[in-house]
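Chemist: Using the hints provided, position chains B and C relative to the given structure of chain A.
If you're matching them up, the sequences are chains A, B and C in order.
Each residue of the first sequence is one higher than the one before, counting from 0 in numbering that gives the first Met the number 0.
Each residue of the second sequence is one higher than the one before, counting from 0 in numbering that gives the first Met the number 0.
Each residue of the third sequence is one higher than the one before, counting from 0 in numbering that gives the first Met the number 0.
Bear in mind the hints are in silico, worked out from the structure with no lab data behind them.
Some hints here could point you the wrong way.
What the hints assert, rightly or not - From the structure, some residues in chain A lie toward chain B, with a derived Cβ separation under 7 Å:
no.: 1; residue: ALA191
no.: 2; residue: LYS196
no.: 3; residue: PHE200
no.: 4; residue: ALA201
no.: 5; residue: GLY203
no.: 6; residue: LEU204
no.: 7; residue: ALA205
no.: 8; residue: VAL216
no.: 9; residue: ASP240
no.: 10; residue: ARG245
no.: 11; residue: THR258
no.: 12; residue: ILE260
no.: 13; residue: ALA268
no.: 14; residue: ARG270
no.: 15; residue: PHE271
no.: 16; residue: GLU274
What the hints assert, rightly or not - Just so you have them, the derived chain B footprint on chain C, three or more residues with Cβ under 8 Å:
no.: 17; region: 138 to 147
no.: 18; region: 152 to 163
no.: 19; region: 174 to 184
Where is the CB? At the ideal position from N, CA and C, for every residue including glycine.
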Amino acid sequence: MAGEQRMVYWAFGLSFIIHLAFFGVFLAAQKHKPNRISNTTVVNVSLVATPHKAGRSSTPVKKTVTTPKKKTSKKKETLKKTVKVASKPAKKAPVVSTSGKPKVSLKKKTFKASKVKKNALKDIEKKVEKTSSERITSALDSLKAKVEEQEDVKRLEKEESAAQPSAATGSEGAGQGGRVGELIDIYRVEIAYQIQKNWAFAEGLAGSAKDLEALLVFKVMPNGEISELFWDKRSGNEYLDKSAYRAIMKANPVAPHPTGIIRPYVLMALRFTPEGVK
Amino acid sequence: MFQCFRDYYVFNVIKFMQKLKFIIIFLAMVCLNLGLAPNHAVGAEEYEYIDISNPFLRKIPTAIPRFKNISGNMKGRDLSVDLANSVSKTLEFTGYFEMLDRGAFLADPHDPKIVATEINFRNWTVVGSELLVTGGVAAKEEYMELELRMFDTFQGKLIIGKRYKGRISNQRQMIHRFCGEVMYHLTGNRGVFNSQIAFISVSNGNKEIFISEFDGYKPHQFTNNNAITLFPAWSSDAQWMAYTSYVNGKPDLYIRNIKGKSGAVVSKKGIQITPAWVPGKFELAATLSFSGDQEIYLLTGQGKVIKRLTKSRGIDVEPTWSPDGKKMAFVSKRSGTPQIYIKDVASGRVRRLTYEGRYNTQPNWSPKGDKIAFSTMQIGRIDIFTIGVDGKDLRRLTEDQGDNEAPCWSPDGSLITFSSSREGISKIYVMTAFGTDQRRLISLPGPQTNPKWSPNITSN
Amino acid sequence: MRKKLWIYLALLVVIPGLMFTVSCAKKVTQAEPSAEETVAEAEPVKDDSARIAEEKAAQEEAARQWEMASEEDIQAETAAKEEELMQDMAAAKLMFENEDIYFDFDSSALQTMAREVLQRKGNFLFELVDASVIVEGHCDDRGTAAYNIALGDRRAESAKAFLVDIGIDALRITTISYGEERPVDSGSNAEAWAKNRRVHFVIE
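This is chain A alone, in the form it adopts within the complex (with noise of 0.2 Å):
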């Protein structure tokens, strides 16, 4: 009993000058940061590197570009793609395209023939610089932190069953354990943007509803596939359903799988809340 108890104290002690050197470390880490990123997997520096930039400076699109580029052959398709998420929309506006399926390019050439007027264009331009952009990127770090956070705790739980540190070595290694579960937010990611690029929303016809938020839930299948879409909320406000089902239903095949997701389908939830109705 008494071991026991005494093993408690010890646990609080122990835990007490966790904290202390926490805090320190908290202090002190931001100085340590490029060391402890080169210490990182190869996946991990570019989700870092991208979103976390891209989010801080006004002219994302660049620097975001370079450190990518420098990474080994294998990831470069997979990094090309998120950086292209963060940054199309802030360059080329109406323009809709990700991936070079046919289907995708035919819309390339729709939205870009499409007469816009100077002023639509610009406006768009403006618009989706000032906030897209910048909503894509902070959407994109809070994502990566979230990612960042359950990479811990499997890390955390992957050291603890004493499985090997080669793991993080080998790039093609990380599709089984941990790095499956942030290969696959990287792509539900980089989905969601596919979505949001398909979705037009005319706020006037929503007429003065506020706060409206609508939640789809559906699998993509390795192929890109969407299957079994449903409602897992209405918004109440039919067009903004409909928006959002068409969203989803235009930009459907998305890109297939990545090389390191080996499951039979990545499930997806997206929440649409237009902020821009007010």
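Modeler: Coordinates of chains B and C only, in the frame set by chain A:
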């Protein structure tokens, strides 16, 4: 960055954990302290939502292929293109639709399919269109029969189907009626297609009132005063026009029937300017200065003063009524600079609406009732803003493009017309209520100012 | 600004001076009427009846001549005076109508300079008892049309109020505001704006 020290922290924790057995306690503490509940979303009941909050396109992508020439003759062929363009332009005017380029369509342009059973909707969803408008036209001499349909491409469903018969010269009306149906389906009101715009343009060296259709089509001169004429104001039934004119050498108020010459004149000492009709009544507010002070009065449609509405030393001008006619916004200099105030007519209470800027004038109350558009002068430049009636949600609609003045809402509240000097001399423009899609409305020679959008005119 | 002020002051001294010399010159060149005495003493006395008749005739003639002469003289005199007065008046009127008063942006308050000008205009109106005056309020083209008409109205009203204060009958003064509709200088610079923010006076 945050991740770094957390990693470090976690690393430390792990070290100790290997030595100690209370892994679970520690894990729980770590998790609690950092606020990260482990979340393995895949396959779980609680979904991890990704927010999508920024629509890429703030319009409805719409496809309008050229119409089908049902009659098969030359006239029908020309019409099949003209009418499709015309519908396209009319819908585009609303600012709600993004017209997709016909060159990108997958459907055969020479054999347009216009009914649901024949249309391959996949062809239309693939090019990104959410709405599809098809038309068929049969022309014979000066008459034509026009069938128009609108489909939801994703549901493959007919939303609106209409057939119009009439003279070819009446095609605008047919198209306006159909577009009215489209707007009714989407917004619950029939849009602006039956409205007109009055504005000031120069004729024979004098400012006179002109009137055009909602899209700037067919402008014609309404007054022929050979004197400065300003401040047109439509009555809410669009039957009466009030305005100020210097016909008798000074700014008097004229109230004139749109169709005839009958009406009244208010010609007191001083100025009589900025009339604004009370919604649903044959009464109007206007600024008169016979007392020596510029105050707003309520007048009958015959020009008799009912009562004085403002009581403050200094300028009070430019009344504009809430849609229910219970409140009146106006410009007053009572605080030292021109600002916008709102008066509750029944209680007589007045509150100040605008606090930003030192020169806020030209208020115009939205027909939806929730906002007021106005212009602000800053560093010599005038720009248009909207503000909530509660004083919140101030939004700038124009920027860096000359002076932008005299905003006036469309009867459905979706558009705002205004004058701008962005191309040099002042011209009439239109934009959406959010400030997007700014474009010139009227191309007459000389300067044009002070546009006033009419209510929808029901009796065509 | 100061330069302008000096010029105005100089003009104020020079113009009345010029007018004075002009009117004096007129007076000097004018001939004095002196016909009546010489006509009356023209003929010596003859016999009674004839003399009386003659006298009578002479008197009549004299009276007639005197009348004619005097009539002529008066005509000449009034014509000259009127001409003189007309020229005086024309110059004064010209000055009255040419001299505007100016205002600050978005203000209808009378500046010191404007008060001086208005005082002179008041003096002129005291002399010209029958004349009535139109006071026009104007604005520069900054700001918005309706507000500017109201502002022009206030400017005209403050000029009117000043004149009424110094004793001019209010009924003689009519105000009209033109707002920004009739600029004197269509330029878009500080100088043009300053010129356009004015009250202008017209004698009816």
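Chemist: A separate judgement is required for each hint: does it hold in the structure or not?
Modeler: Results for each hint:
This hint holds: A/ALA191 has a C-beta 4 Å from the nearest C-beta of chain B, less than the 7 Å allowed. At about 5 Å, the closest approach between the beta carbon of A/LYS196 and any beta carbon in chain B falls short of 7 Å, and the interface hint on this residue holds. The beta carbon of A/PHE200 is positioned within 7 Å of a beta carbon in chain B (closest approach about 4 Å), and the interface hint is therefore held. Hint status for A/ALA201 relative to chain B: holds, with the closest Cβ pair at about 5 Å, below 7 Å.
The interface hint given for A/GLY203 holds, since its Cβ lies 5 Å from the closest Cβ of chain B, which is under the 7 Å cut-off. For A/LEU204, the shortest C-beta to C-beta distance to chain B is roughly 6 Å, which falls under 7 Å, so the interface hint holds. Given the 7 Å rule on beta carbons, the hint for A/ALA205 is violated: about 10 Å separates it from the nearest Cβ of chain B. Of the supplied interface hints, the one on A/VAL216 holds, with its beta-carbon coming within about 6 Å of a beta-carbon of chain B, less than 7 Å.
The restraint placing A/ASP240 at the interface with chain B is violated, with a minimum CB-CB distance near 12 Å, outside the 7 Å limit. With a least beta-carbon distance of about 5 Å to chain B, the hint placing A/ARG245 at the interface is held under the 7 Å criterion. Hint status for A/THR258: violated, given a least beta-carbon distance of 18 Å to chain B, over 7 Å. A hinted interface residue such as A/ILE260 counts as satisfied when its beta carbon comes closer than 7 Å to some beta carbon of chain B; here the least separation is about 11 Å, so the hint is violated.
With a cut of 7 Å, the hint placing A/ALA268 at the interface with chain B holds, because the nearest CB-to-CB distance is about 3 Å. Because the beta carbon of A/ARG270 sits about 4 Å from the nearest beta carbon in chain B, less than 7 Å, this interface hint is met. Contact between A/PHE271 and chain B, as hinted, is supported at the beta carbon level, the nearest pair being about 5 Å apart and thus within 7 Å. Proximity of A/GLU274 to chain B holds as hinted, the smallest CB-CB distance being about 5 Å (cut-off 7 Å).
Requiring three or more residues with a Cβ within less than 8 Å of a Cβ of chain B, the coverage given for the region 138 to 147 of chain C holds, as 6 such residues are present. Counting residues of the region 152 to 163 of chain C whose beta-carbon sits less than 8 Å from any beta-carbon of chain B gives 3, enough to reach three: the coverage restraint holds. Counting residues of the region 174 to 184 of chain C whose C-beta lies closer than 8 Å to any C-beta of chain B gives 5; at least three are required, and the coverage claim holds.
Of the numbered hints listed earlier, those contradicted by the structure are 7, 9, 11 and 12.
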